[in-house]
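Visitor: Quick mapping for you: the protein sequence lines, in order, are chains A and B. For what it's worth, the numbering used here labels the leading residue of the first sequence as 1, then goes sequentially. For what it's worth, the numbering used here labels the leading residue of the second sequence as 1, then goes sequentially.
You may find that some hints are simply not true.
[Claimed, not checked] Anything over 12 Å on all C-beta distances counts as not near chain A; from chain B, calculated:
| no. | residue |
| --- | --- |
| 1 | Gly-56 |
| 2 | Leu-131 |
| 3 | Pro-136 |
| 4 | Met-148 |
| 5 | Phe-196 |
| 6 | Trp-222 |
| 7 | Leu-260 |
[As the list claims (entries may be wrong)] Below are the DSSO-like pairs computed for lysine-lysine, each with C-alpha atoms no more than 27 Å apart in a straight line:
| no. | chain 1 | residue 1 | chain 2 | residue 2 |
| --- | --- | --- | --- | --- |
| 8 | B | Lys-160 | B | Lys-137 |
| 9 | A | Lys-86 | A | Lys-168 |
| 10 | A | Lys-86 | A | Lys-165 |
| 11 | B | Lys-334 | A | Lys-209 |
| 12 | B | Lys-67 | A | Lys-209 |
| 13 | B | Lys-66 | A | Lys-201 |
| 14 | A | Lys-168 | A | Lys-3 |
| 15 | B | Lys-227 | B | Lys-334 |
| 16 | A | Lys-201 | A | Lys-3 |
| 17 | B | Lys-67 | A | Lys-201 |
It is worth saying that the hints were derived from the structure and are not from the lab. Just so you know, even glycine gets a beta-carbon here, dropped at the ideal spot from N, CA and C.
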Amino acid sequence: MNKEITQNGLWTNNVALVQLLGLCPLLAVTNNTINGIGLGVATMVTLILSNTLVSLIRGFIRSEVRLPVFVLIIACVVTVIELLMKAFFFDLFLVLGIFIPLIVTNCAIIGRAEGFASRNPVGASALDGFMMGLGFLGVLALLGAMREIIGSGTLLANADLMFGKPAKALTITFNEDYSGFLLAILPPGAFFGLAILIAAKNAMGVRAKDRDTLIDPTLNT
Amino acid sequence: MTSVIVSSPYVSQSKSLRRLMINVIIGLIPGTLAYAWFFGPSIMINIAIAVLFALGFEAVILWLRKKSIKPHLNDYSAVVTGWLFALCLPSHSVWWLIVVGIGFAMIAGKHLYGGLGFNPFNPAMVGYVVLLISFPKEMTSWHLPIPMSGETYGLVDSLKFVLGIGDSTWDAFTAATPLDHVKTALRQDIPISEIFQAPLFGKLGGIGWEWISAGWLIGGLWLLINKTIRWHIPVALLGSLGSIAWVFYLIDAETATSPLFHWLSGGAMLGAFFIATDPVSAATTNNGRIYYGILIGLLVYLIRNWGGYPDGVAFAVLLANMCVPLIDYYTQPKVYGAK
Numbered sequence: 001m002n003k004e005i006t007q008n009g010l011w012t013n014n015v016a017l018v019q020l021l022g023l024c025p026l027l028a029v030t031n032n033t034i035n036g037i038g039l040g041v042a043t044m045v046t047l048i049l050s051n052t053l054v055s056l057i058r059g060f061i062r063s064e065v066r067l068p069v070f071v072l073i074i075a076c077v078v079t080v081i082e083l084l085m086k087a088f089f090f091d092l093f094l095v096l097g098i099f100i101p102l103i104v105t106n107c108a109i110i111g112r113a114e115g116f117a118s119r120n121p122v123g124a125s126a127l128d129g130f131m132m133g134l135g136f137l138g139v140l141a142l143l144g145a146m147r148e149i150i151g152s153g154t155l156l157a158n159a160d161l162m163f164g165k166p167a168k169a170l171t172i173t174f175n176e177d178y179s180g181f182l183l184a185i186l187p188p189g190a191f192f193g194l195a196i197l198i199a200a201k202n203a204m205g206v207r208a209k210d211r212d213t214l215i216d217p218t219l220n221t
Numbered sequence: 001m002t003s004v005i006v007s008s009p010y011v012s013q014s015k016s017l018r019r020l021m022i023n024v025i026i027g028l029i030p031g032t033l034a035y036a037w038f039f040g041p042s043i044m045i046n047i048a049i050a051v052l053f054a055l056g057f058e059a060v061i062l063w064l065r066k067k068s069i070k071p072h073l074n075d076y077s078a079v080v081t082g083w084l085f086a087l088c089l090p091s092h093s094v095w096w097l098i099v100v101g102i103g104f105a106m107i108a109g110k111h112l113y114g115g116l117g118f119n120p121f122n123p124a125m126v127g128y129v130v131l132l133i134s135f136p137k138e139m140t141s142w143h144l145p146i147p148m149s150g151e152t153y154g155l156v157d158s159l160k161f162v163l164g165i166g167d168s169t170w171d172a173f174t175a176a177t178p179l180d181h182v183k184t185a186l187r188q189d190i191p192i193s194e195i196f197q198a199p200l201f202g203k204l205g206g207i208g209w210e211w212i213s214a215g216w217l218i219g220g221l222w223l224l225i226n227k228t229i230r231w232h233i234p235v236a237l238l239g240s241l242g243s244i245a246w247v248f249y250l251i252d253a254e255t256a257t258s259p260l261f262h263w264l265s266g267g268a269m270l271g272a273f274f275i276a277t278d279p280v281s282a283a284t285t286n287n288g289r290i291y292y293g294i295l296i297g298l299l300v301y302l303i304r305n306w307g308g309y310p311d312g313v314a315f316a317v318l319l320a321n322m323c324v325p326l327i328d329y330y331t332q333p334k335v336y337g338a339k
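Working from the sequences, and respecting the hints, build out all of it.
Guide: Shown next, in the form of structure tokens:
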């Protein structure tokens, strides 16, 4: 069960690449790596907490009112996270802006609450939230890195927003004279980047299937 | 006496794709020569690089897609794409700019959709627009035409410039294009009569530009005469652009430029005869072609006057490309006999 949840969240049922949920913040904030990681972590924490809470109260809620209750829970969790970010990562919060409160509307979160947490025990639900969030975070970070490298020729710029002053040294600049490929940072770059990632994942899936077919002699006959 | 019996069809259709593409290339020659006359031989270098890489990218992708390479390269469609793309760029462009643009045109604009015949957008315009929004500085550094700068832009120096190894004294000769100049001046409330006093302008349009546009017109008329393209799109496009320009020109000749200026500036002529008429991405019914042309003409005028960019042919063509399925759907001709 746990292995299946992990695999589902990270790969086979990845929120961003397979379910294609929560694409609005995904496309909007991934113009550099740190923004992607920042929103990814916030979404992951929300998923874990909301999944846990929904799973805890799943026995008490009448099914007629379950969706408004889920939304209330998610909104509470997001408000807590927003306040925490304002307290401890204010600069990062300023960069991400409206997309932190907008996590409430991320379909992936209500989707997991309804689809998984409302019918599974607390432990499994929390793990599911963590793995789904981690899969989402991974895609956000990867897409952010791709767009940042192509678009401005750096990696982990503004790392100090997230990890504090000493992290400034983390920033890698590949070429000082790079004039930047604006398209990657502009919205079309997000669509191109996500499309490339989805295509790559599908191609891997097809290749894996081919390999299995070749190895398994029963399927060849 | 024996006569050979020939079965129907008796009228032979000799136009192959390859023949059409060669016609387009021939049609491009007068304008290209005028271009080289006014802006120096570097445009030839641009075209050579663009065509070479267009063929190269086409071959590589065909190989990746496991398609036969030679017949596809022999239809000259990649040559036309590369040529048209190079004509849109500033006359002196660095090589990597051309390579990035044509790479995007061939890969994302053409082959991701399934290759020739399946692309909803004009590949050359896709490549051009990608460059336009990605590299605003490089894409707006146009050089002055030769009669104004006095610089002859020799072949060797041009080559050095394209490869990025020459000195950059030519930067002194970059200037706004006529359309850009008019737009900026109008925003400062300078009347048209005063704007046209600037040395950048000839009798009808910008110096050099009017003759280049005339070159596209001659080539385009030749394409019309030998039926490579039909009259609907160019006439509708230039007609709608001219009419809306004329209306505003009649209202106030000091704040709007004449229809002739709109026809003979920027990419209007090239777009009307060579780009909007691309048989793959344009509307396919005769009525549809007229709506399609009118739409492009209107969009060009809107973008030129109220948009963020000095010229709007590329954006207009791409936006109209998007409308093509809808236009085609509503303009299907009635089947013979149907009520």
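Visitor: If a hint holds in the structure, say so; if it doesn't, say that too.
Guide: We went through each hint and held it up to the structure:
In this structure Gly-56/B is separated from chain A by more than 12 Å, as the shortest Cβ-Cβ distance comes to about 20 Å. With a least CB separation of 9 Å from chain A, Leu-131/B falls inside the 12 Å interface cut-off, contrary to its annotation. For Pro-136/B, the non-interface assignment is contradicted: its Cβ lies about 7 Å from the closest Cβ of chain A, within the 12 Å cut-off. At roughly 28 Å, the least C-beta separation between Met-148/B and chain A is larger than 12 Å, which holds for a residue marked as non-interface.
Listed as a non-interface residue, Phe-196/B keeps its Cβ farther than 12 Å from every Cβ of chain A; the least gap is roughly 34 Å. The beta carbon of Trp-222/B sits about 36 Å from the closest Cβ of chain A, which is more than 12 Å, so the claim that it is off the interface holds. Every beta carbon of chain A lies more than 12 Å from that of Leu-260/B, the smallest distance being close to 35 Å; the non-interface claim holds. Of the pairs offered as hints, the one joining Lys-160/B and Lys-137/B holds, with about 20 Å between alpha carbons and a cut-off of 27 Å not exceeded.
Taking the CA atoms of Lys-86/A and Lys-168/A, the gap is near 21 Å; set against the 27 Å cutoff, the hint holds. Using a Cα cut-off of 27 Å, the hinted pair Lys-86/A and Lys-165/A holds, with the two alpha carbons roughly 17 Å apart. Simply put, Lys-334/B and Lys-209/A have alpha-carbon atoms about 48 Å apart, too far for the 27 Å limit, and the pair is violated. For the proposed pair Lys-67/B and Lys-209/A, the alpha carbon gap of about 24 Å is at most 27 Å, so the pair holds.
Only pairs whose Cα atoms come within 27 Å are accepted, and Lys-66/B paired with Lys-201/A is accepted, the gap being roughly 21 Å. As the CA atoms of Lys-168/A and Lys-3/A are separated by approximately 37 Å, the hinted pair breaks the 27 Å bound. Taking the CA atoms of Lys-227/B and Lys-334/B, the gap is about 24 Å. The hint holds against a cut of 27 Å. Of the pairs offered as hints, the one joining Lys-201/A and Lys-3/A holds, with about 20 Å between alpha carbons and a cut-off of 27 Å not exceeded.
The hinted pair formed by Lys-67/B and Lys-201/A meets the criterion: a straight-line CA distance of about 24 Å does not exceed 27 Å.
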